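Chains A and B, in that order, are what the protein sequence lines are.
Residue 219 in our numbering sits at position 219 of the first sequence; the count goes up by one each step and never skips.
Residue 1009 in our numbering sits at position 9 of the second sequence; the count goes up by one each step and never skips.
Heads up, a few of these hints could be off.
[To be verified] Simulated crosslink set (DMTMM-like; lysine to aspartate or glutamate; CA at most 20 Å straight-line): (1) A:Lys138 x B:Asp1330; (2) A:Lys303 x A:Glu222; (3) A:Lys138 x B:Glu1202; (4) A:Lys110 x A:Glu29; (5) A:Lys3 x A:Asp47; (6) A:Lys105 x A:Asp52; (7) A:Lys305 x B:Glu1096; (8) A:Lys138 x B:Glu1096; (9) A:Lys305 x B:Glu1334; (10) A:Lys147 x A:Glu133; (11) B:Lys1230 x B:Glu1334; (12) A:Lys303 x B:Asp1098; (13) A:Lys138 x A:Glu151; (14) A:Lys105 x A:Asp68; (15) A:Lys110 x A:Glu64; (16) A:Lys305 x A:Asp294; (17) A:Lys3 x A:Glu90; (18) B:Lys1219 x B:Asp1330.
[What the hints assert, rightly or not] Across the chosen pairs, the derived CB separations fall in these ranges: (19) B:Pro1117 x A:Ile193: 35 to 45 Å; (20) A:Ile193 x B:Gly1083: 21 to 31 Å; (21) B:Glu1320 x A:Glu298: 50 to 60 Å.
Since the hints were derived computationally from the structure, they do not count as laboratory data.
None of these values were measured; they are calculated from a predicted model.
Built from N, CA and C at the ideal position, the CB exists for glycine as well.
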Amino acid sequence: MGKVVLVTGVARQLGGRFVRRIQRDPQVERVVAVDAVPPEHHLGGADFIQADIRQPGIARVLAETAADTVVHLDVTATALGSGSRTSVKETNVIGTMQLLGACQKSPTVKRLVVKSSTNVYGSAPRDPAVFTETTPPKSLPSGGFAKDAVEVEGYVRGFARRRPDVAVCVLRFANILGPTADTPLAAYFALPILPTVLGYDPRLQFVHEDDVIEVLRIASHEPERGTLNSGTFNIAGDGVLLLSQCSRRLGRPTVPLLLPAVTWAGSLVRTLGMTDFSPEQIRLLTHGRVVATDQMRETLGFKPKYTTAQTFAEFARSRGPGLLPPEALAGAVDRIAALPLAGSGHPPTQSAN
Amino acid sequence: MADAKVIPFDDDRSRGSAVQRPPRRRSAGSRRKGEPTVVREVQPLPSRAPAQDDVPVTREEQPPPQRQDKGAYGGLERRIAGGLAFLRRRLTGDYEVDDFGYDAELTDQVLMSLLRPMYEKYFRVEVKGVENIPAEGGALIVANHSGTLPMDGLMMQVAVHDHHPANRHLRLLAADLVFMLPVVNELARKLGHTLACAEDAERLLAQGEVVGVMPEGFKGVGKPFSERYKLQRFGRGGFVSTALRQGTPIIPCSIVGAEEIYPMIGNAKTLARVLGFPYFPLTPTFPWLGPLGAVPLPTKWTIQFGEPIPTDGYPPEAAEDPMLMFNLTDQVREQIQHTLYKLLVQRRSVFF
Chain A
1 MGKVVLVTGV
11 ARQLGGRFVR
21 RIQRDPQVER
31 VVAVDAVPPE
41 HHLGGADFIQ
51 ADIRQPGIAR
61 VLAETAADTV
71 VHLDVTATAL
81 GSGSRTSVKE
91 TNVIGTMQLL
101 GACQKSPTVK
111 RLVVKSSTNV
121 YGSAPRDPAV
131 FTETTPPKSL
141 PSGGFAKDAV
151 EVEGYVRGFA
161 RRRPDVAVCV
171 LRFANILGPT
181 ADTPLAAYFA
191 LPILPTVLGY
201 DPRLQFVHED
211 DVIEVLRIAS
221 HEPERGTLNS
231 GTFNIAGDGV
241 LLLSQCSRRL
251 GRPTVPLLLP
261 AVTWAGSLVR
271 TLGMTDFSPE
281 QIRLLTHGRV
291 VATDQMRETL
301 GFKPKYTTAQ
311 TFAEFARSRG
321 PGLLPPEALA
331 GAVDRIAALP
341 LAGSGHPPTQ
351 SAN
Chain B
1001 MADAKVIPFD
1011 DDRSRGSAVQ
1021 RPPRRRSAGS
1031 RRKGEPTVVR
1041 EVQPLPSRAP
1051 AQDDVPVTRE
1061 EQPPPQRQDK
1071 GAYGGLERRI
1081 AGGLAFLRRR
1091 LTGDYEVDDF
1101 GYDAELTDQV
1111 LMSLLRPMYE
1121 KYFRVEVKGV
1131 ENIPAEGGAL
1141 IVANHSGTLP
1151 MDGLMMQVAV
1161 HDHHPANRHL
1171 RLLAADLVFM
1181 LPVVNELARK
1191 LGHTLACAED
1201 AERLLAQGEV
1211 VGVMPEGFKG
1221 VGKPFSERYK
1231 LQRFGRGGFV
1241 STALRQGTPI
1251 IPCSIVGAEE
1261 IYPMIGNAKT
1271 LARVLGFPYF
1281 PLTPTFPWLG
1291 PLGAVPLPTK
1301 WTIQFGEPIP
1311 TDGYPPEAAE
1321 DPMLMFNLTD
1331 QVREQIQHTL
1341 YKLLVQRRSV
1351 FF
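Just chain A, same shape as in the assembly:
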């Protein structure tokens, strides 16, 4: 008997890709794709059901399809199209509540996978440098997507207590980057000139879209021998990049601003509707955040294909060169290196001989 997988948030690129990927798995019989708006991309052979997870109707969808695996991807920081922050928050929080309520009533659900974010750890100078899954945040996120994610995880924990027979997996993703990622950080890196906070160089971690799809797939199937895929896991690529490194590799100049000026500029940009430059985003770009991925490797048995640096390189390639392409800078340095050699190029060759 094959599995019936219900996926929420399929109108987004990530959801669409996941739906297309999981259909190809032999143990999956049917994929039910749910979102409030019809997706612009194709979903392969999946059945699309237009349903708003904020409405109780989701329970009927779940009952009718008799889904046994629910993959909840509709926890996102940015609105799709022209939605407001309020509707995003409602989808995140109320939507999760409704979906979990529906799952609790459904006798067929055996597995729940929830996409969360490392935003739940917040970002503060008093925090340890590396967060593990058990690190309590020093300062709980006060608002924005981070608070949504904290609340979502709270509901999921409550659900796991009430339905101990359901395997629950919460995946805390670091900043997702990739050719199609529509995360706030990707929008930030798309700015021609990157505003940064003067005197801070945050450590950032990225995870590639392909790895996101892969780990979601691992979490929604039966665990492999010797691994366990229920619980909470940090998902991030290996290694760390500093924001200064990112801007240099991307070839985009930075403008260091004082912290109050950044906050002001952020609200200005937000009002103009150019990009979501929320306070939590500014905190991330001030203090940075790094998570430990030992649990991901040892318990979940997942090895990301891309390191943080490789993910960023892929992303930079997909975005095209910035104002100061690193190749041009390297070329300039090489030309300078060639200059003194032109005047005194002989001594090194002699000593080499």
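With chain A fixed as given, assemble chain B onto it according to the hints.
Below, chain B without anything else, positioned relative to chain A:
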């Protein structure tokens, strides 16, 4: 300059280092015991060595006369090329940092070079017992803290970096204030410092790093001048349980000289509270002379790394035993205090 004023030992050292470079480091460790023997050891070496193993030495001995002009030229050339390669890597972001933000390349090439003049010329730091730091594996260095500004930590980092034979890097644990201040936090992270909390310390020790901690914290660094070289309370001894959990040795370290760089004769508590600092120092020169008053006094420093205290013989639950914690904390504290007194007795003057 400094060497000219100094009493015989340092004369010996400069002569020794003029003859051959490596012995300078060795002499730093065992100078006091037998300066004459060290000098005698140093001088015959070049003459005796060619007879023993002539192949490598002659190769080293012969080139200099020819290379004098060309070598300097090639050296400069190489340095420019190296510098440009470095610049190229920095400009294109093609370098690595670890999870804590430690930028090994920047630290080695730039930040250490900035600290070194202060270490060698200004404070003329003398390092003893650096061989007590293991060549591999984790170790927790526990030191006294003083001097109003945490210069002692930075100098200890240079001492380990420049003198340890296995080129180990000291990873310091710093107060949260460091990570709140702009620029300071950036530099601290790039130098490999991290927040003084059990999680970070354990993670670093588990990675096999040498971790430096100053358990006195603000109580030590901001203590008045009258209490110099009197160790303050060692917190709750959290560093001991961290070391016990990882089974890494604790190396007590005594730093003499740092306590006099800014003689703190007063503390403007109200101003400190307004600025959000734990203390606001008043010294004979600061803040009366403005930025000039912030120049530290050129004291002569000694950094002594003591005998390691092993922690791997205890059962795993020992880390939760408060009595053992207190005993070990006291043992470490006593050893540092005792060494401090011993070094102070040996010291001839604050400045030389």
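Results for each hint:
For the hint linking Lys138 of chain A to Asp1330 of chain B, the alpha-carbon distance of about 31 Å lies beyond 20 Å, and the restraint is violated. Annotation: proposed proximity of Lys303 of chain A to Glu222 of chain A holds, straight-line Cα distance about 17 Å (limit 20 Å). For the given pair, Lys138 of chain A sits about 18 Å from Glu1202 of chain B by alpha-carbon distance, which is consistent with the 20 Å threshold. The straight-line distance between the Cα atoms of Lys110 of chain A and Glu29 of chain A is roughly 15 Å, inside the 20 Å bound, and the hint therefore holds.
The suggested pairing of Lys3 of chain A with Asp47 of chain A holds, with an alpha-carbon distance near 14 Å, which does not exceed 20 Å. Of the pairs offered as hints, the one joining Lys105 of chain A and Asp52 of chain A holds, with about 18 Å between alpha carbons and a cut-off of 20 Å not exceeded. Among the hinted pairs, Lys305 of chain A with Glu1096 of chain B is consistent with the structure: their alpha-carbon atoms are about 19 Å apart, no more than 20 Å. The straight-line distance between the Cα atoms of Lys138 of chain A and Glu1096 of chain B is roughly 28 Å, outside the 20 Å bound, and the hint therefore fails.
Simply put, Lys305 of chain A and Glu1334 of chain B have alpha-carbon atoms about 51 Å apart, too far for the 20 Å limit, and the pair is violated. A distance of roughly 17 Å separates the Cα atoms of Lys147 of chain A and Glu133 of chain A; the hinted pair therefore holds under the 20 Å criterion. Proximity of Lys1230 of chain B to Glu1334 of chain B is assessed by CA-CA distance (about 11 Å); at most 20 Å being required, the pair is judged to hold. The hinted pair formed by Lys303 of chain A and Asp1098 of chain B meets the criterion: a straight-line CA distance of about 19 Å does not exceed 20 Å.
Simply put, Lys138 of chain A and Glu151 of chain A have alpha-carbon atoms about 16 Å apart, close enough for the 20 Å limit, and the pair holds. Between Lys105 of chain A and Asp68 of chain A, the direct Cα distance comes to roughly 12 Å. Compliance with the 20 Å bound is thereby established for this hinted pair. With a C-alpha separation of about 16 Å, the suggested pairing of Lys110 of chain A with Glu64 of chain A holds against the 20 Å cut-off. Distance restraint check for Lys305 of chain A and Asp294 of chain A: the Cα-Cα separation of roughly 15 Å lies within the 20 Å cut-off, and the hinted pair is therefore satisfied.
Proximity of Lys3 of chain A to Glu90 of chain A is assessed by CA-CA distance (about 30 Å); at most 20 Å being required, the pair is judged violated. With a C-alpha separation of about 17 Å, the suggested pairing of Lys1219 of chain B with Asp1330 of chain B holds against the 20 Å cut-off. Separated by about 37 Å at the C-beta atoms, Pro1117 of chain B and Ile193 of chain A satisfy the suggested range of 35 to 45 Å. Taken as a hint, the range 21 to 31 Å holds for the pair Ile193 of chain A and Gly1083 of chain B, whose Cβ atoms sit roughly 28 Å apart.
Between Glu1320 of chain B and Glu298 of chain A the C-beta distance comes to about 25 Å, which lies outside the given range of 50 to 60 Å.
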